[in-house]
Amino acid sequence: MQNPQLTDDGELKHLLSIEGLPKRILNQILDTAESFVGVAEREVKKVPLLRGKTVCNLFFENSTRTRTTFEIAAKRLSADVITLNVSTSSQSKGETILDTIDNLTAMHADMFVVRHAQSGAAHMIAKHVAPHISVINAGDGSHAHPTQGLLDVFTIRKYKPDMHNLRVAIVGDVLHSRVARSEIHALTTLGVPEVRVIAPKTLLPQDVEKLGVHVYHDMNEGLKDVDVVMMLRLQNERMTSAMLPSAQEYFKTYGLTAEKLAEAKHDAIVMHPGPMNRGVEIDSAVADGTQSVILPQVTYGIAVRMAVMSILAGN
Amino acid sequence: MNLPNAETLFETLAERIKPLIKANTAVVGIHSGGAWLAERLLPILGKDQGGEDLAHGILDVSFYRDDFNERGLHSETKPSHIPFDVQDKHILLIDDVFYTGRTIRAAMNELFDYGRPASITLAVLVNRGGRELPIAPQISAFDTELPDTQNLQLLRHENGTFYFTLEENT
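If you're matching them up, the sequences are chains A and B in order. Going by my numbering, the first sequence opens with residue -8, and the numbers climb by one from there. Going by my numbering, the second sequence opens with residue 59, and the numbers climb by one from there.
Excised from the complex, chain A in its bound form:
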């Protein structure tokens, strides 16, 4: 079956998931993002690519960082941007998602950025929209968060350009994390030879090895000699569902402290997609330490989202 994200001639039409995208397209996005990084440092932080286009951010689920960076990205491309927090609008009056989409299309929207608690929501919208419209998945359930995965690999490439010679560890709640899934697909597609996941059994999907990762349950073992440590957010609601004893207990075993980080290479970088739970999955001293690239991740996120939007709008 043809990948629903691609046009007939294999170019990117929607960005729904990194899974199934060829290396060529991932590199095209990352290389284009490289050109957008400098735009933020100029007197006029804007380019005219999406002038006259309307981008609709549809957030059916809360978000601050992702929503804001998508909004800034679209504005720096000169698009008109409308952000709808749908949980507070007509959906609560009973309108279906597709009716909302049709109404926004009638207002001449050109691109939808969609976050939804339901896996597959962005796919459904992409199948429904008119051919000139592109859809970007900004997080669907526990399925995918492709732009986060892309900005993470972009950040890695910035600090560790030789992707073919890296050991990367992803730590924490892999089971519920759409970020982890997108990161794993991006890293393996780009040829990173060793991707590890470190987590308790209860927070790992059953067939996680099938994604091409090495599984560790012990932090000290798993972090040994890695170049990159990618922490995941521990969602508070998981704590109560009897998957974990307590936040303190989790921090003791899986929280990233300076002591555990010392197992990694001395120049290893530390990443986190945010929002961070300080003292749960990461110690403040590490989050704010010299090896942390957590804030550069946010900055690069804008350039990566500009790249995705401009490639989609051009295809």
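Worth flagging that the hints you see were computed from the coordinates, not collected in a lab. Do not rely on the hints blindly, as some may be mistaken.
Claimed, not checked - Taking lysine-lysine pairs in the DSBU-like style, the calculated list, with each CA pair at most 35 Å apart, reads:
1) Lys151/A <-> Lys4/A
2) Lys80/B <-> Lys37/A
3) Lys136/B <-> Lys37/A
Place chain B on chain A using the hints.
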């Protein structure tokens, strides 16, 4: 048409540009041919100024092109790099082949997003005719009229020397 010798034209271009260099001049090459030319012009122009520290940069105009809606983004976009303050500089803009003028329009739009230059002077290796905008180079090493069915391109050997190719558009 016999293709002109690109290396001879390069020398002519350098000679014609030299008198224009003054304090506060910055050289900007348009990716990719213009950037190659600027790279080789810099040591020649800088030397006459008693130093090599002529401000310089590279523009890739992909984000400013007027055909984005028809053709999308060029797959090999390179970062623009303007590491000096554009404000009040005399910009010497370098490109290889001047044709419709649309690339130069895009380049000027991009430059103004970095600041307000004191002036912009356009110097090209070849003006091949066919302009579509009220934009023209002040300096060119060679003027000709090519039919719009033909595509004149500057290329670079591994040793850094230049040559032209002329192809029929497909």
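Verification of the hints:
no.	hint	result
1	Lys151/A <-> Lys4/A	30 Å, holds
2	Lys80/B <-> Lys37/A	31 Å, holds
3	Lys136/B <-> Lys37/A	17 Å, holds
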